Amino acid sequence: MQNNQSSFTVLQNTVLGNGLCVGCGACSAISGGKIEMRLNHLGQYEAVANDSDLSLPVASVCPFSSDSANEDEIAKQQFANEDSQSSEHIGPYLKCFAGHVLEDDFRTLGSSGGVAKWVLHELKTNDLVDHVVQVGAVENNSQGLVYEYRIDSTLDAIKEGSKSAYQPVEMSSFLEFIRENPGRYVVTAIPCFAKGLRLLAMQDPVLKERIRFVIGIICGHLKSTRYAESFAWQMGVAPGEMNAIDFRVKAMGEKANHKAIEVADGSGGKKRKLTKEFLGGDYNLGFFQYKACDYCDDVVGETTDISIGDAWLPEYVKDANGTSVVVVRNSTLLQMVEAGIDSMRLDLHEISEEKVVQSQAGGFRQRREGLAYRLYLAARRGEWIPAKRVAPAKNHIGRFRRRIYRSRTRLSRESHLHFSRARESGNFATFAQPMLELLHQHRKACTPPLLPRIWSRVSRIYKRDGNSQ
1 MQNNQSSFTV LQNTVLGNGL CVGCGACSAI SGGKIEMRLN HLGQYEAVAN DSDLSLPVAS
61 VCPFSSDSAN EDEIAKQQFA NEDSQSSEHI GPYLKCFAGH VLEDDFRTLG SSGGVAKWVL
121 HELKTNDLVD HVVQVGAVEN NSQGLVYEYR IDSTLDAIKE GSKSAYQPVE MSSFLEFIRE
181 NPGRYVVTAI PCFAKGLRLL AMQDPVLKER IRFVIGIICG HLKSTRYAES FAWQMGVAPG
241 EMNAIDFRVK AMGEKANHKA IEVADGSGGK KRKLTKEFLG GDYNLGFFQY KACDYCDDVV
301 GETTDISIGD AWLPEYVKDA NGTSVVVVRN STLLQMVEAG IDSMRLDLHE ISEEKVVQSQ
361 AGGFRQRREG LAYRLYLAAR RGEWIPAKRV APAKNHIGRF RRRIYRSRTR LSRESHLHFS
421 RARESGNFAT FAQPMLELLH QHRKACTPPL LPRIWSRVSR IYKRDGNSQ
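For reference, each letter of the sequence shown is one residue, going 1 to 469 in the numbering used here.
Hints were generated in silico from the structure; no laboratory data involved.
Quick caveat, the model's predicted, so the values are computed rather than measured.
Here a beta-carbon is modelled for each residue, glycine too, at the ideal position from N, C-alpha and C.
Be aware that one or more of the hints could be misleading.
[Claimed, not checked] Taking lysine to any residue pairs in the SDA-like style, the calculated list, with each CA pair at most 25 Å apart, reads:
1) 318 - 220
2) 276 - 372
3) 95 - 321
4) 291 - 445
5) 163 - 202
6) 394 - 414
7) 444 - 277
8) 318 - 358
9) 318 - 297
10) 273 - 394
11) 273 - 297
[Stated by the list, open to error] Ranges of calculated distance between the beta carbons of each label pair, as one might list FRET restraints:
12) 400 - 314: 43 to 51 Å
13) 446 - 344: 43 to 51 Å
14) 50 - 177: 36 to 44 Å
15) 240 - 85: 32 to 40 Å
16) 268 - 205: 45 to 53 Å
17) 284 - 157: 15 to 23 Å
18) 392 - 76: 38 to 46 Å
19) 13 - 73: 34 to 42 Å
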């Protein structure tokens, strides 16, 4: 660990200087106002120091700093009193589930099975928390932001929180509120933000005492404000004219992963379109992704009390109403979930750790084998790389997979560049034309070589005919 005098210099020369700030706001929260969270020219939050003589341990609370504890170390301390099972993929856990909420309209209002909203609502109903800190719609839209963290203290307000908010948010404002206002809080957070919260709590006894639960949202990666702008623009709502966006409108008759997006303009008019019909609508292509997300190894939120996400499994994906996958690490929350099952308010059944991993298979490939390769490439270029639980490597995957990971990184990087040019010119084609060409190249990169494809086809035919004998 670096000494306090050099902590911000370390952060500046490593995380910030290499574009790996995820904009969580943990360093701002510990800096006493000497670090601000600002939107940069790409529509991403980043930390900016307004005091060059910053002598606080800010690097130790940054989720991407090598000076901070990793997820394994945090979870071991956080869940030391729980009778947890251990997993290298999903962290410590008590039980895992898949299913949805039966009670009320939680499933309809939620992104998938409605479990996250139900848990928040139940914590308040059972007087286990006073306030819920979650992401919700911005009242005064500015700088392309339509979501922000808010503090809800009534049951109705808790249900009105966002479903999925694929937009930048930051935590410094609500953390200051928690410090100044006694009470019991629950916070929803994606994995890197949850890690920042836990690191802060290690140093701040007030936050440690008042933040009673952290609800983890399983995350693919974080998007800039341009992600929402690009969808709105494709529906005829130019940058600066969008008033609201719903990223996860459930489209009945479609598969669960074929959501619709609904945009409202300044006049209150609404437009809706299936995600698959947009340029960049496939989330996993990485359009407008933060660079930091290419250096994350936590898919489910291993430091959180409960992780909740989409159950992307064949047996559930056909249900457009959505199905949740749930990983429980906190015994109080496990009792709550099991009581909900027993009272038939939750339709959840226990699943294995392997099923959870299968439900997020693409995320684990990207953040384990893909991360190892990206770390190798960065180190070879002489760049600083964060200390991760995955070692830099090249030969653990073949040329085909390496080509896919390089292509995906290029799509992400180029999407920021070309959209900035499109905004400056006022012409969406300035973005669309080069990105369509890059997508064409990406699809070629994702097409296996001919010989392995032939062998794969022969193998499938052999297995099929053999099984029919």
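Each hint tested on the structure:
1. 318 - 220: With a Cα-Cα distance of about 20 Å, the restraint between residue 318 and residue 220 holds, given a limit of 25 Å.
2. 276 - 372: violated, 30 Å
3. 95 - 321: Roughly 24 Å between the alpha carbons, so the hint for residue 95 and residue 321 holds.
4. 291 - 445: Within the cut-off at roughly 21 Å; holds.
5. 163 - 202: violated, 30 Å
6. 394 - 414: holds, 24 Å
7. 444 - 277: holds, 20 Å
8. 318 - 358: holds, 16 Å
9. 318 - 297: Not satisfied, since the Cα-Cα distance of roughly 29 Å exceeds 25 Å.
10. 273 - 394: Not satisfied, since the Cα-Cα distance of roughly 40 Å exceeds 25 Å.
11. 273 - 297: violated, 33 Å
12. 400 - 314: 43 to 51 Å: violated, 24 Å
13. 446 - 344: 43 to 51 Å: About 44 Å separates the Cβ atoms of residue 446 and residue 344, which means 43 to 51 Å holds.
14. 50 - 177: 36 to 44 Å: violated, 21 Å
15. 240 - 85: 32 to 40 Å: violated, 50 Å
16. 268 - 205: 45 to 53 Å: Given a distance of about 47 Å, which is inside 45 to 53 Å, the answer is holds.
17. 284 - 157: 15 to 23 Å: Violated, at about 33 Å.
18. 392 - 76: 38 to 46 Å: violated, 24 Å
19. 13 - 73: 34 to 42 Å: With a Cβ separation near 23 Å, residue 13 and residue 73 fall outside 34 to 42 Å, so the hint is violated.
Figure legend: structure checked against the earlier numbered hints; hints not met, in rising order: 2, 5, 9, 10, 11, 12, 14, 15, 17, 18, 19.
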